[in-house]
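Chains as they are written, first to last, in this note's numbering: chain A, 17 to 437; chain B, 17 to 437.
Nothing false has been slipped in among the hints.
Which copy? The list can't say, so a pair holds if one copy fits it or any two copies do.
Lysine-lysine pairs mimicking DSSO-like chemistry, simulated, CA-CA at most 27 angstroms apart:
1. K215 - K134
2. K134 - K100
3. K411 - K383
4. K401 - K331
5. K411 - K231
6. K242 - K231
7. K231 - K176
8. K286 - K331
9. K411 - K286
10. K122 - K411
Bear in mind the hints are in silico, worked out from the structure with no lab data behind them. Since we're looking at a predicted model, the values are computed, not measured.
Protein chains: 2
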Amino acid sequence: MLNVELLTIGTEILMGNIVNTNAAYLSEQCVGIGLSVLYETTVGDNEGRMLDAIRRAISRADVVIMTGGLGPTPDDLTKEMTAKAIGRELVEDPHTRERIAAHFEKSGRRNITSNNWKQATVIEGCRVLDNDNGTAPGLIAEADNGTKLILLPGPPDELKPLFREQVRPYLESLQEDHFYSRMVKICGVGESAVADRLKDLIEAQENPTIATYAKIGQVHVRVTAKARTEEEGEALLAPVMKEMHARFGEDIFTEDEEVSLEETVVRLLKERGYTISFAESCTGGMVSARLVGVPGASEVYRAGLVTYSNDAKHKLIRVRQETLDMFGAVSAQTAEQMVLGVCEAVGADAGVAVTGIAGPDGGTPEKPVGLVYIAAAVHGRVCVKENHFTGNRQKVRERSVNAALDLVRRMLLESGDGERR
Amino acid sequence: MLNVELLTIGTEILMGNIVNTNAAYLSEQCVGIGLSVLYETTVGDNEGRMLDAIRRAISRADVVIMTGGLGPTPDDLTKEMTAKAIGRELVEDPHTRERIAAHFEKSGRRNITSNNWKQATVIEGCRVLDNDNGTAPGLIAEADNGTKLILLPGPPDELKPLFREQVRPYLESLQEDHFYSRMVKICGVGESAVADRLKDLIEAQENPTIATYAKIGQVHVRVTAKARTEEEGEALLAPVMKEMHARFGEDIFTEDEEVSLEETVVRLLKERGYTISFAESCTGGMVSARLVGVPGASEVYRAGLVTYSNDAKHKLIRVRQETLDMFGAVSAQTAEQMVLGVCEAVGADAGVAVTGIAGPDGGTPEKPVGLVYIAAAVHGRVCVKENHFTGNRQKVRERSVNAALDLVRRMLLESGDGERR
Chain A
17 MLNVELLTIG TEILMGNIVN TNAAYLSEQC VGIGLSVLYE TTVGDNEGRM
67 LDAIRRAISR ADVVIMTGGL GPTPDDLTKE MTAKAIGREL VEDPHTRERI
117 AAHFEKSGRR NITSNNWKQA TVIEGCRVLD NDNGTAPGLI AEADNGTKLI
167 LLPGPPDELK PLFREQVRPY LESLQEDHFY SRMVKICGVG ESAVADRLKD
217 LIEAQENPTI ATYAKIGQVH VRVTAKARTE EEGEALLAPV MKEMHARFGE
267 DIFTEDEEVS LEETVVRLLK ERGYTISFAE SCTGGMVSAR LVGVPGASEV
317 YRAGLVTYSN DAKHKLIRVR QETLDMFGAV SAQTAEQMVL GVCEAVGADA
367 GVAVTGIAGP DGGTPEKPVG LVYIAAAVHG RVCVKENHFT GNRQKVRERS
417 VNAALDLVRR MLLESGDGER R
Chain B
17 MLNVELLTIG TEILMGNIVN TNAAYLSEQC VGIGLSVLYE TTVGDNEGRM
67 LDAIRRAISR ADVVIMTGGL GPTPDDLTKE MTAKAIGREL VEDPHTRERI
117 AAHFEKSGRR NITSNNWKQA TVIEGCRVLD NDNGTAPGLI AEADNGTKLI
167 LLPGPPDELK PLFREQVRPY LESLQEDHFY SRMVKICGVG ESAVADRLKD
217 LIEAQENPTI ATYAKIGQVH VRVTAKARTE EEGEALLAPV MKEMHARFGE
267 DIFTEDEEVS LEETVVRLLK ERGYTISFAE SCTGGMVSAR LVGVPGASEV
317 YRAGLVTYSN DAKHKLIRVR QETLDMFGAV SAQTAEQMVL GVCEAVGADA
367 GVAVTGIAGP DGGTPEKPVG LVYIAAAVHG RVCVKENHFT GNRQKVRERS
417 VNAALDLVRR MLLESGDGER R
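I would like the entire structure built from these sequences, with the hints used as guidance.
Printed below as a string of structure tokens:
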């Protein structure tokens, strides 16, 4: 198994200016294709420390993935220090120079400085990875000891496409065996319960391997098969995937790494030709915001209401005053009336209502912080669920959003895709 | 200036399971008190690599801050490897043992295993930092070369209070000079414009120093004075802060590191005894969600509407059909009617409406992706702003949320705090 070191270059990371999400992305990607990440190191834009870190990484890793320090300014030194570490020269790459010129022409910029042309220089003998989203190309070089050095630009919207389209296939080509994986995403089952239900499979695992990732309100399980061919890989995955479905059934909302829970809900709605609306209290608009985050949500989503006060619940979506008085705003009864009220007010086929106590204040012994009622409705049929979430205000709210989207997903599955209003 | 190395212990980071937000938090905190972070390293729960990384950090840093690997399971080895690296023994700390026993008694757990008692062992001669939010205490030990080793638990809600209350004062005590800082948070001015306007101050900086941090839709400027006493520090800060206010005026929404833009809006509303409501289109509930994220928001916020479709804008908040037909949903006219409509529907003193094109689709030459109209109203007085935001769908939406909260903040400032409805 090849081992990888991630080397992040940038004083802005060491200052705490930005969170290093690239490292998490690259780690997960590497693990997904069967590589082992042993070290992650961050150094600033400092020649000595950069050189030292690159040399150490070359001495201990098969593959070094460097991010950052490829910009046009004088303190961007990743190429220079890498070339020095492996005893190569920097040379101008005419192809990259042309691409940079074209980029500036397209964006209407005239004042190209010598700094900009610095981005056209590459390490001699390296492979150049064209960057369609910026002016800094990626590079792949090789040290004398055989260690591969992959240099990528720092901005995530440049790094991710470069990795996906060019680096990933390259890394796969380094290995005799290839890795084929599925990301099974599960909602409505806790992490330890998922691990328990998979215990025998995890303990017996050889090929495919199984790894669980806890997310807020979701658990993701990566199943990875090692094989020489795709066919062989799929044949190895098939029985495990069958077992996953037998054990988790509708708790699984997708097997596709790129698909989110809200995208799944939007797809189910589109397949059925349904519209959806939300009535939110403690989540304050987060459920709507998650769904509207899906491009093309306008096909299924028309409106949502954030009815935070009792008055708003009563006036805007007709929750009965007696219900609020008798059972309180945080109750199954109120949740049910909220969802029916918002579907009616907006004229939607489906809906979800959320009402709960997110904390830190407002809890009582009978209704503690974390108590959240979620009601989902499809064509007037309602399902209400009582939840007890742990964590701070933000966590309780995020868990509520997941549970809300999950509940309506399950109701949509039940409603079939033949049924039309 | 003391230099720091951050050492994160945990295979889950190397797997990409979680993003290392602790490193960003600790970096920013260290920089804020005048320390220099030179390296950030992450290794997994592996004895050899952990020991190697600890020894290297001791050889090159004045202070090593380690996070993670203090849990009860056998693969939590940070204490063990640190003790080994500095040639000390692990001993049981009776005080910590008592605290752990009390913790379990309080939570009603009976089955305390020998693994749990492992958390009561500490490095001989170290200082123990009581952890009020978990069972793993923090530790401060010292290597023979004088390097300080600070061990902290990985969960952020344990790490942050421990750092703030115990580690920060300790680090300050190591330095003869102390650092006093203000975090000036600015909205409505871009990062490069802020840098331009501060160019002379940044170039001439000695003490205080000035560092800018770009956030989405905001720029934060940290002004840090080095001094022997608080009085001296404040005296150094005063003229720079005066200059900051002269240059940015109402663009500054707080000088307090802990205060967010939405908290500022909630405070201004409370001071005036006003309520607020939102009508959102492209932001899909994000403005409401941000405001409701502030504990106690219920005092000022009753309801919000996500009017995504034209139909919803017309029916729920009475945007005139002619306006939608003539100017379109994304227009200053629609934004104005949305904000007045939602204030009326909800019965609020103030409001904000957002309508725009977040992309990736839906743009035209006249109305390109990124065009967002924001209207704010206070007691019927309306202000509409046309914005052109860059970035992907999520970025455009986040920038819109900031701009929306900022616009109503400015209107609230203008409305004074004496005015009551």
